[in-house]
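Protein chains: 2
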Amino acid sequence: MKKFINAVDDVLAESLDGLAAMHSDILELGPERKFIHRRAFTPGKVALLSGGGSGHEPMHGGFVGTGMLDVACPGHVFTSPTPDQMLEAASAADTGAGVLFIVKNYEGDRMNFAMAAEMADGPVETVVVDDDVAVENSTWTTGRRGVAGTVAVEKIVGAAAEQGRDLAALKRLGDAVNARTRSMGVALTSCTVPAAGKPTFTLGDNEMEMGVGIHGEPGRRRVALASAAEIAEELTGAVLKDLDAAPGTPALLLVNGFGGTPAMELYLMAGLARRIAEAAGVRPVRFLVGNYVTSLEMAGCSITLSLLDDETMALWDAPVHTVSLRW
Amino acid sequence: MKKFINAVDDVLAESLDGLAAMHSDILELGPERKFIHRRAFTPGKVALLSGGGSGHEPMHGGFVGTGMLDVACPGHVFTSPTPDQMLEAASAADTGAGVLFIVKNYEGDRMNFAMAAEMADGPVETVVVDDDVAVENSTWTTGRRGVAGTVAVEKIVGAAAEQGRDLAALKRLGDAVNARTRSMGVALTSCTVPAAGKPTFTLGDNEMEMGVGIHGEPGRRRVALASAAEIAEELTGAVLKDLDAAPGTPALLLVNGFGGTPAMELYLMAGLARRIAEAAGVRPVRFLVGNYVTSLEMAGCSITLSLLDDETMALWDAPVHTVSLRW
Numbered sequence: 002m003k004k005f006i007n008a009v010d011d012v013l014a015e016s017l018d019g020l021a022a023m024h025s026d027i028l029e030l031g032p033e034r035k036f037i038h039r040r041a042f043t044p045g046k047v048a049l050l051s052g053g054g055s056g057h058e059p060m061h062g063g064f065v066g067t068g069m070l071d072v073a074c075p076g077h078v079f080t081s082p083t084p085d086q087m088l089e090a091a092s093a094a095d096t097g098a099g100v101l102f103i104v105k106n107y108e109g110d111r112m113n114f115a116m117a118a119e120m121a122d123g124p125v126e127t128v129v130v131d132d133d134v135a136v137e138n139s140t141w142t143t144g145r146r147g148v149a150g151t152v153a154v155e156k157i158v159g160a161a162a163e164q165g166r167d168l169a170a171l172k173r174l175g176d177a178v179n180a181r182t183r184s185m186g187v188a189l190t191s192c193t194v195p196a197a198g199k200p201t202f203t204l205g206d207n208e209m210e211m212g213v214g215i216h217g218e219p220g221r222r223r224v225a226l227a228s229a230a231e232i233a234e235e236l237t238g239a240v241l242k243d244l245d246a247a248p249g250t251p252a253l254l255l256v257n258g259f260g261g262t263p264a265m266e267l268y269l270m271a272g273l274a275r276r277i278a279e280a281a282g283v284r285p286v287r288f289l290v291g292n293y294v295t296s297l298e299m300a301g302c303s304i305t306l307s308l309l310d311d312e313t314m315a316l317w318d319a320p321v322h323t324v325s326l327r328w
Numbered sequence: 002m003k004k005f006i007n008a009v010d011d012v013l014a015e016s017l018d019g020l021a022a023m024h025s026d027i028l029e030l031g032p033e034r035k036f037i038h039r040r041a042f043t044p045g046k047v048a049l050l051s052g053g054g055s056g057h058e059p060m061h062g063g064f065v066g067t068g069m070l071d072v073a074c075p076g077h078v079f080t081s082p083t084p085d086q087m088l089e090a091a092s093a094a095d096t097g098a099g100v101l102f103i104v105k106n107y108e109g110d111r112m113n114f115a116m117a118a119e120m121a122d123g124p125v126e127t128v129v130v131d132d133d134v135a136v137e138n139s140t141w142t143t144g145r146r147g148v149a150g151t152v153a154v155e156k157i158v159g160a161a162a163e164q165g166r167d168l169a170a171l172k173r174l175g176d177a178v179n180a181r182t183r184s185m186g187v188a189l190t191s192c193t194v195p196a197a198g199k200p201t202f203t204l205g206d207n208e209m210e211m212g213v214g215i216h217g218e219p220g221r222r223r224v225a226l227a228s229a230a231e232i233a234e235e236l237t238g239a240v241l242k243d244l245d246a247a248p249g250t251p252a253l254l255l256v257n258g259f260g261g262t263p264a265m266e267l268y269l270m271a272g273l274a275r276r277i278a279e280a281a282g283v284r285p286v287r288f289l290v291g292n293y294v295t296s297l298e299m300a301g302c303s304i305t306l307s308l309l310d311d312e313t314m315a316l317w318d319a320p321v322h323t324v325s326l327r328w
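Sequences listed follow chains A and B, in order. Residue 328 is where the first sequence ends in the working numbering, and the numbering goes up by one at each step. Residue 328 is where the second sequence ends in the working numbering, and the numbering goes up by one at each step.
Bear in mind the hints are in silico, worked out from the structure with no lab data behind them. Watch out, some of these pointers could steer you wrong.
[Said to hold, decoys possible] According to the in silico footprint, chain B covers these stretches of chain A (three or more CB under 8 Å from chain B):
1) 105–111
2) 215–229
3) 267–278
[To be verified] Keeping only pairs whose Cα atoms sit at most 27 Å apart, straight-line, the calculated DSS-like set for lysine-lysine is:
4) B:Lys172 - B:Lys46
5) A:Lys4 - B:Lys46
6) B:Lys4 - A:Lys4
7) B:Lys172 - A:Lys4
The beta carbon of each residue, even a glycine, is placed where N, CA and C say it ideally should be.
Can you make the complete structure from the sequences, with help from the hints?
In structure tokens, the structure reads:
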């Protein structure tokens, strides 16, 4: 295993310490590093809380800040955070207007966030993100997996929370954005979880995993490496088919790197995905290209389309000040 | 070779098309994709022009925009752009106040930028960046290599150009920033140049290249993989020794990923580097962590310290609106 680590058990703590030291203008760690929170909460604003296993950085810690999340709970690598973490985070962030949980659809996360919601003192609502069209049910999921589309949900709902909308309205908005957001990914190489010390899966020199999950879970099929154009066609095509959007619908196009793919290739894929979407009548008008929802050092990418309307486009455009999204 | 490409010969063009399509609010491509330029030039402002081989994205195209570069010339992967590209770019960007070339110290780049400077109609000055302390002279270099410290030079000089400083003043500032900026990197894996189709170099399962260059050039020595703490100590120690800064000097700390290393590990390294610098009396007060000067998909990172004073800190903090740096 070739990684910059000291001891496997210390990777998460040392990484969080680094994050907090570099970005003390934006975020802080809670006690015992149980959560990452904005430097200052806004009284009366609904708090947005997300979290999940680590290894997907910058999600979610890199999305904590004005205009997006109030607090994020980092689990160990590819492991759900505990209800205890979520409860303490919710309690710290709740300034009286309640807390919205944004939860990617994995069984461990669903169960732990549900327990935390039940035990919380204040009002809690939950938005479940399940944007991955690759497979129904999977290794760790009943129903579809939550993947890169989470960025769209957290950004758009985060902007709406900043406007002072109430908990019920934000829950409705989050569900609506999720319903209009679809993704699919492909892996060219595996990732290596530090605690495992070896690649999660093995791919031949000429193989790729089409429809891979963000933990390296199996996708639709393992096939021979194809051209960028063919891959873009399959990923974007699957997303478009599932969205079944009215012609001319504007959309956010997110081409997300899984960690090990260079920007050069991501932009190449993005150019292709854009043209495929346009040819199908969906009109990408907002773009995001880069490593946003990663799988450690996995080479690969996912393509997300999130349909927009005037309201959600304005919320996407609203100011955001986090480590990884800032405008 | 596992990459998202169609034909090897089209990688650069298709990637540039993707970049331009995603970020048409910030940048445009010049004729025949010879350069990437800001949407609008500012009359009377000195134009900042940089460039170099592709494969280091987001450098330099991702740094084109208000507060940083006016124009960037992308060569083929790890190959200098041509004097012809530079000349056309300079001619497009020069609004009467001259052009400052920011050139990383590689023989091909030096020679081609010098030819362009000689042939240019308007006044041209050149700042050469050579921040890499790993080796004197190397595969493609007489003297030290220019690496991640280029980001500090381009950002700080870019902000000063925005204030209306003249060409001579910007040349002096660029040289001064370069003189106070030092870097060193390490590779855990090789990169693969598309046209070569196989890894640039080979490392054993337990080896790393200490002092590697951003094209995978050999560094100081090939040694057994060490702990993050030991690696951070060697990289930061070499940078600190060469800087020989007065105790208490404030600095920018840049922990730069080469493309294949996850954010989690970069932040872990950043936390270590910060403490090592502080223990040595240099005070990091500004931070940048991420993939800024990459070597395609190489796993590894570099550590840069750039000593600041009140003036350069204010210029670092000044607004910037590019694809990859924005505040």
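Hint-by-hint comparison with the structure:
Residues of the segment 105–111 of chain A with a Cβ under 8 Å from some Cβ of chain B number 0, which does not satisfy the need for three, so the listed coverage is violated. By the rule of at least three residues with a Cβ nearer than 8 Å to a Cβ of chain B, the coverage given for the segment 215–229 of chain A holds, with 3 such residues. Taking a C-beta to C-beta cut-off of 8 Å, the segment 267–278 of chain A contributes 8 residues in contact with chain B, enough for the three needed, and the coverage statement holds. Annotation: proposed proximity of Lys172 of chain B to Lys46 of chain B holds, straight-line Cα distance about 14 Å (limit 27 Å).
With a C-alpha separation of about 45 Å, the suggested pairing of Lys4 of chain A with Lys46 of chain B is violated against the 27 Å cut-off. Annotation: proposed proximity of Lys4 of chain B to Lys4 of chain A holds, straight-line Cα distance about 22 Å (limit 27 Å). Taking the CA atoms of Lys172 of chain B and Lys4 of chain A, the gap is about 39 Å. The hint is violated against a cut of 27 Å.
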